[in-house]
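Number of protein chains: 2
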Amino acid sequence: MKNFVLKGDLCWSRDPQHLESRKNGYLVCENGVSAGVYETLPEKYSAYPLLDYAGKLILPGFTDLHAHAPQYRYRALGMDLELLEWLDTHTFPQEALYQDTAHARKNYARFVEEMRKGPNTRGCIFGTIHRESTEILMELLEESGLAAMVGKVNMDRHSPDILREGTEESAEETIRWIQEVQGKYPHVTPILTPRFLPSCTDALLEKLGKIQKKFHIPVQSHLSENRSEVAWVQELFPQSKNYGDAYDHFGLFGGENCPTIMAHCVLSDDAEIALMKERGVFIAHCPESNTNLASGIAPVRRYLSEEIPMGLGSDIAGGTRCSLFYAMAEAIRVSKLRWRLVDDRLAPLTIPEAFYLATKGGGAFFGKVGSFEEGYLLDAFVLDDSRYDNIGEYTIAERLERAIYLSEDNEVCHKFVEGRQLF
Amino acid sequence: MKNFVLKGDLCWSRDPQHLESRKNGYLVCENGVSAGVYETLPEKYSAYPLLDYAGKLILPGFTDLHAHAPQYRYRALGMDLELLEWLDTHTFPQEALYQDTAHARKNYARFVEEMRKGPNTRGCIFGTIHRESTEILMELLEESGLAAMVGKVNMDRHSPDILREGTEESAEETIRWIQEVQGKYPHVTPILTPRFLPSCTDALLEKLGKIQKKFHIPVQSHLSENRSEVAWVQELFPQSKNYGDAYDHFGLFGGENCPTIMAHCVLSDDAEIALMKERGVFIAHCPESNTNLASGIAPVRRYLSEEIPMGLGSDIAGGTRCSLFYAMAEAIRVSKLRWRLVDDRLAPLTIPEAFYLATKGGGAFFGKVGSFEEGYLLDAFVLDDSRYDNIGEYTIAERLERAIYLSEDNEVCHKFVEGRQLF
Chain A
1 MKNFVLKGDL CWSRDPQHLE SRKNGYLVCE NGVSAGVYET LPEKYSAYPL
51 LDYAGKLILP GFTDLHAHAP QYRYRALGMD LELLEWLDTH TFPQEALYQD
101 TAHARKNYAR FVEEMRKGPN TRGCIFGTIH RESTEILMEL LEESGLAAMV
151 GKVNMDRHSP DILREGTEES AEETIRWIQE VQGKYPHVTP ILTPRFLPSC
201 TDALLEKLGK IQKKFHIPVQ SHLSENRSEV AWVQELFPQS KNYGDAYDHF
251 GLFGGENCPT IMAHCVLSDD AEIALMKERG VFIAHCPESN TNLASGIAPV
301 RRYLSEEIPM GLGSDIAGGT RCSLFYAMAE AIRVSKLRWR LVDDRLAPLT
351 IPEAFYLATK GGGAFFGKVG SFEEGYLLDA FVLDDSRYDN IGEYTIAERL
401 ERAIYLSEDN EVCHKFVEGR QLF
Chain B
1 MKNFVLKGDL CWSRDPQHLE SRKNGYLVCE NGVSAGVYET LPEKYSAYPL
51 LDYAGKLILP GFTDLHAHAP QYRYRALGMD LELLEWLDTH TFPQEALYQD
101 TAHARKNYAR FVEEMRKGPN TRGCIFGTIH RESTEILMEL LEESGLAAMV
151 GKVNMDRHSP DILREGTEES AEETIRWIQE VQGKYPHVTP ILTPRFLPSC
201 TDALLEKLGK IQKKFHIPVQ SHLSENRSEV AWVQELFPQS KNYGDAYDHF
251 GLFGGENCPT IMAHCVLSDD AEIALMKERG VFIAHCPESN TNLASGIAPV
301 RRYLSEEIPM GLGSDIAGGT RCSLFYAMAE AIRVSKLRWR LVDDRLAPLT
351 IPEAFYLATK GGGAFFGKVG SFEEGYLLDA FVLDDSRYDN IGEYTIAERL
401 ERAIYLSEDN EVCHKFVEGR QLF
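Top line first, the protein sequences correspond to chains A and B.
For the first sequence, the positions run 1 to 423 when full-length UniProt numbering is used.
For the second sequence, the positions run 1 to 423 when full-length UniProt numbering is used.
What you were told as hints is all true, and nothing was included just to trick you.
Because identical chains cannot be distinguished in the list, a pair is counted as satisfied if it fits within a single copy or across any two copies.
Capping the alpha-carbon separation at 20 Å, the derived lysine to aspartate or glutamate pairs in DMTMM-like fashion look like this: (1) Lys213 - Glu172; (2) Lys117 - Asp409; (3) Lys117 - Asp389; (4) Lys117 - Glu408; (5) Lys106 - Asp389; (6) Lys184 - Glu132; (7) Lys106 - Glu393; (8) Lys368 - Glu307; (9) Lys368 - Asp15; (10) Lys23 - Glu393; (11) Lys23 - Asp52; (12) Lys213 - Glu180.
Hints are computed from structural coordinates only; laboratory data are not their basis.
Required output: the full structure, derived from the provided sequences and hints.
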């Protein structure tokens with residue numbers, strides 16, 4: 001079904017400050033792309049099949065800008081640790097298990113199913129260092145109908161033997177992986193994924209910079225998440241002005257030909273923020289993770305004001321829940337605490353702002369994604385919010401607020417990615 | 001069924017620092033009271049019916065020390081406001097609707113059903129100023145099988161006409177209410193409930209102090225939640241040393257014959273904390289609400305160190321979720337942010353501490369409640385945590401951690417209150 005019409009209570013984001021909504025509206029899909037929202041269905045679309053979801057919310061699918069698929073299995077464990085201890089205790093031993101492709105297939109299937117059934121329609125996802133298992137993850141995501149960028153992780157130092165590559169090996173496996181998967185799937189593509197600076201030698205980063213230039217693929221990594229981590233990066237890259245500058249030295253920090261996502265940015269200083277802005281680096285704001293690992297609270301209001309591109313990340317398993325509804329609630333909550341306790345010049349996030357981040361903000365990393373405006377890829381889901389006892393009484397904006405705080409995955413009753421109906 | 005045995009993976013709290021657990025253990029119930037936990041079932045209990053929940057977690061029921069039943073209906077709305085504006089905009093108009101007993105019956109039934117199906121087995125709950133509707137709430141709670149203390153609210157100033165009593169009227173209705181409900185229900189009892197100091201004149205508070213002495217019922221209210229509120233109380237009670245001292249002036253702040261719960265205590269100063277400790281006032285820590293309404297983060301580590309009695313509150317609808325699993329997760333999370341951002345002398349809460357607060361800590365307001373130790377009322381629920389892919393791999397303590405972050409109400413598959421099986 002390439003052309004169809006969705007009917008229901010539509011809500012989408014025009015910009016961070018403005019929600020758009022249309023009660024009992026019509027959203028037209030043509031060839032996987034929005035042909036706009038209408039109060040009355042134009043005659044020219046009247047022959048299209050009409051999917052009538054009257055009384056239900058229809059929202060743009062969410063883009064999870066940062067998640068670790070292999071960590072889904074042990075989510076919500078070891079949350080009493082900070083980042084570096086948590087990596088050593090839980091993450092590295094668990095990720096090492098993905099050398100076994102059978103383990104990978106079984107456990108990645110669970111992660112993909114969790115993502116498939118909830119409100120997220122696409123994501124930027126870390127695998128592990130293992131090429132074959134990462135390819136399995138990509139295959140499973142494509143089969144699920146979701147859209148994603150997926151990274152084979154690079155790590156050649158500061159991790160246990162069972163989860164560390166040789167420098168040459170890491171680069172070679174990455175090239176082989178890119179050659180195997182580039183262009184293979186219509187909706188799942190590779191993204192270069194140095195884990196974070198402490199995991200990669202200068203030599204490896206240099207090779208990755210060259211690989212990026214050669215294959216023109218985007219980049220994802222971590223930036224300025226935790227105090228001990230930032231101090232460690234300063235030790236490891238004494239010549240760099242800041243954490244971001246160290247990535248930049250190797251050509252892995254944005255710019256026109258290197259779309260880049262950096263997760264966290266809790267502790268970025270003025271110079272790093274200026275560099276992100278200059279290079280158009282996307283920030284993946286991961287509020288739940290930053291709280292769980294006691295990293296702190298990113299200055300999201302500042303990033304919005306400076307118009308740095310930004311979306312939300314579940315950061316499974318620093319975060320525990322895939323659904324970006326939860327990330328929106330947490331983003332709002334921690335922004336209130338930051339305002340109250342740290343800096344009252346940075347106002348809390350509003351509902352429209354949090355919604356923007358989960359939809360159009362993060363979606364922009366994939367192009368025209370995350371809105372119902374004409375020309376945007378038709379990612380959408382239908383939410384049955386009747387459990388909250390809403391109907392007939394609340395505005396669509398109020399229903400959105402309630403969904404942010406109350407929704408559960410089983411209330412997502414239909415889902416579309418680029419116009420394909422998943423369920 | 002007065003005597004029976006529960007079998008499963010048991011976990012309970014000895015004290016804030018120590019979890020107890022027993023895999024494949026036996027919990028014996030005799031006449032609604034725990035007769036202890038056993039690795040092997042003693043011969044003398046062998047004739048009791050055995051309810052075998054092998055592989056599932058069995059935990060003490062949670063005590064929600066602070067919730068507003070009439071606010072359940074509009075939970076997760078107006079979360080962009082602080083306390084006083086939120087009360088005026090949402091709470092007061094909604095609570096006024098409970099003058100209509102049909103509205104009350106319909107909407108209280110929804111709140112009670114939400115509480116019934118989740119992990120909470122008892123709570124201290126605010127109604128509204130309306131005597132008849134409050135009695136309906138008590139009736140519904142008793143019918144549900146839950147245990148509760150319920151308060152008809154007192155308000156004779158600073159609220160709209162539709163939600164304000166005369167001073168005499170408030171006192172008289174309170175007396176009539178107590179006379180009507182005291183001793184009426186085995187598991188639901190009255191608790192005196194001045195809304196908060198700005199809602200009650202000195203004259204009313206004086207009358208309530210006398211009512212408390214006459215009828216020997218406990219007291220619940222709010223304390224030092226929000227900056228504007230605290231400043232307002234200082235204006236209204238210029239003679240008082242602090243917010244708590246103003247309650248105390250009227251005999252409504254703890255002591256041997258006046259068990260008292262105060263919700264929030266975000267901004268309590270040293271003198272107020274000392275007075276709470278002296279009088280044995282229970283704190284209802286409501287982390288989600290304190291974040292949602294941008295009130296701040298209570299210094300829970302300090303309260304634990306000073307051994308002030310304390311439990312958790314959902315604070316529906318400053319909080320959005322009834323389940324105290326969620327309050328536990330939020331309590332841990334905000335304690336990490338407070339430690340990281342405000343005062344690193346107050347260490348974050350641990351899993352055992354948060355679990356203690358939800359069980360034995362808050363349960364203590366009801367007597368021997370919230371543990372499986374011998375002599376404790378048998379409040380318990382069975383949690384099917386198989387969805388998290390745990391079985392055979394994690395310790396009970398680790399499974400508890402995951403349940404705190406991941407559990408959903410529909411995973412509560414059996415529930416017991418004072419030995420009565422609700423489902």
